Amino acid sequence: MKKTVEEHAERFSEKAAAYDDSKSDEYHACASLVIDHAAPESDDVVLDLGAGTGAIALAVAADAERVLARDISEGMMEEGRRKAADRGLDNVEFAYGEFRDPDLDPDQRVDVVTSNFALHHLADDEKREAIRVMSETGARRIALGDVAFFEGPDPDAPFYSPEVDDPATVGTLVEAFTEEGFAVTAVERVHDQVAVIVAERLRELPA
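Going by UniProt numbering, the first residue of the sequence shown is number 1, and it counts up by one from there.
Since the hints were made in silico from the structure, they are not lab data. Keep in mind it's a predicted model, so treat the numbers as computed, not measured. Cβ coordinates follow ideal geometry from the N, Cα and C atoms, glycine included.
Label-pair ranges, simulated between beta-carbon atoms:
#	residue 1	residue 2	range
1	D101	D43	20 to 28 Å
2	R87	E41	16 to 24 Å
3	D156	G88	43 to 51 Å
4	S42	T169	33 to 41 Å
5	D103	D156	36 to 44 Å
6	S24	E126	21 to 29 Å
7	D90	E175	37 to 45 Å
8	E93	E41	12 to 20 Å
9	E93	F150	28 to 36 Å
All chains, full assembly: derive it from the sequences and hints.
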């Protein structure tokens, strides 16, 4: 990680009010695909990591039993809470949580994990650890949208900010999911540097 968790939290809190209006077409296309692939059932609990202002969490809430939205930025979460209240959604919980420690109750059931445009802040070994944590929730499906390379990044026009972001290759992410017992059932190419990856659990967690 090129910045500390605290530095990232402060940076995103500062831009929270304008965050939704600042995002690219690729971000919104990615979010739409994550929502479509998440496809929660009415009794599912969804864990949304790096939830930000709730682009994914609020969209899937109508179809899920409960959504656990986790982020490190209090400013972003406040925006998400405001939007949830405006929409009359009472089944979305915004609370502090990191990719490698989402701060869930030990007996908390999770059926689907989602994340959009957040994992790329971690280094590759930290991403693998985060995907391991996602797996350990017991979720049957993970839908991840993120900055990720299909080929190499264009150094003259990177889609990300090299000083704060550390995207992986799509292959690295796919490998991390398969190592945790998931089958990657979809890889959507939104941009040469933006992907949506969907993983379905193949094997049960050990008792």
